[in-house]
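Visitor: Turn these sequences into a full structure, and let the hints guide you.
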Amino acid sequence: MITIRYFASLREQLGKEQDQIDSADNMTALDAWNRANTGTKPPDNILVAINQSYARLDSPIGSGDEVAFFPPVTGG
Amino acid sequence: MSVLIKSAAYDPWQVLADFQQQRFGASAAYGATAVFTGTMRDFNEGDTVKAMTLEHYPGMTESQLEQLIDSAKSRWDVIDCLIVHRVGAINPAETIVVTAAWSAHRSAAFEACRFLIEELKHNAPFWKKETLGDDSERWVSENTPG
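Residue numbers (our numbering), protein chains in the order written: chain A, 1 to 76; chain B, 1 to 146.
Keep in mind that the hints were calculated from the coordinates and are not lab data. Predicted model, so just to flag it, every value in this text is computed and none were measured. For each residue, glycine too, the CB sits at the ideal point set by N, CA and C. Hints may contain errors.
On the chain A side, residues computed to face chain B include the following (Cβ under 7 Å) [said to hold, decoys possible]:
#1 7
#2 8
#3 24
#4 49
#5 52
#6 55
#7 73
#8 76
Guide: Quick look at the structure:
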């Protein structure tokens with residue numbers, strides 16, 4: 001199982017905070033996005049984290065991972 | 001603890017005094033302290049802003065900020081650093097963020113303090129949502145360059 005989390009404007013646009021999907025061999029963060037959001041491309045400026053560390057859309061993921069998608073950060 | 005996430009209004013100077021007392025006590029190990037505080041404005045991009053909500057990614061936020069402090073300590077000869085950041089509902093004139101660095105001499109403290117706030121703005125997972133004067137809401141899409 002893979003947990004997908006969404007934050008900020010992206011969470012509001014998608015209308016959901018998270019998804020749970022089954023893992024498969026050779027999955028990337030983009031694969032997880034596509035499986036959870038069929039027909040919706042990730043925004044160009046999307047940021048990706050895997051297990052709370054920055055990653056990329058083509059970064060590999062596996063069972064038990066937490067993948068997060070969010071827009072550019074605006075703290076401080 | 002050198003990273004504090006605050007869900008209610010705080011006095012930055014009291015937090016700094018408390019940290020300094022706890023960390024250094026009566027020791028004179030440092031000769032320089034550099035501090036940046038960021039305060040919520042009541043305007044942005046030409047509009048009145050009357051409230052704001054700060055969202056964050058619990059867990060990742062703290063680990064990112066701790067990594068920034070580790071980076072600052074490895075790059076400059078600083079004795080310690082502090083980052084405080086507000087989350088949740090916030091009003092104009094309230095403090096959003098504090099970065100501070102302590103060192104023997106001023107150069108390291110100044111540079112580390114600047115590094116912490118600039119890196120925080122680019123990397124720490126926080127997001128601002130503004131409530132404007134007409135009660136409409138908008139997400140801040142990007143930080144100002146400086």
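Visitor: Taking the least C-beta to C-beta distance, is residue 7(A) closer than 7 Å to chain B?
Guide: Where the cut-off is 7 Å and the nearest Cβ of chain B is about 6 Å from residue 7(A), the hint holds.
Visitor: May I ask you to test the interface hint for residue 49(A) with respect to chain B, counting a Cβ-Cβ separation under 7 Å as satisfied?
Guide: holds (6 Å)
Visitor: Verify the interface restraint on residue 55(A): the C-beta must sit less than 7 Å from at least one C-beta of chain B.
Guide: With a minimum Cβ separation of about 11 Å from chain B (threshold 7 Å), the hint on residue 55(A) is violated.
Visitor: Hint validation: residue 73(A) versus chain B, beta carbon distance must be below 7 Å. Holds or violated?
Guide: Given a least distance of 5 Å, the restraint on residue 73(A) holds.
Visitor: Hey, does the residue 76(A) contact hint survive, CB to chain B under 7 Å?
Guide: holds (4 Å)
Visitor: How about residue 24(A): closest beta carbon in chain B under 7 Å, or not?
Guide: violated (25 Å)
Visitor: Checking hints one by one. Is residue 52(A) an interface residue toward chain B, by the C-beta closer than 7 Å rule?
Guide: Because about 4 Å separates residue 52(A) from the closest Cβ in chain B, which is inside the 7 Å limit, the hint holds.
Visitor: Under 7 Å is the threshold here; is the Cβ of residue 8(A) close enough to any Cβ of chain B for the hint to stand?
Guide: Holds - the Cβ of residue 8(A) comes within 7 Å of chain B, reaching about 4 Å at its closest.
Hint check: violations occur at hints 3 and 6; the rest are consistent with the structure.
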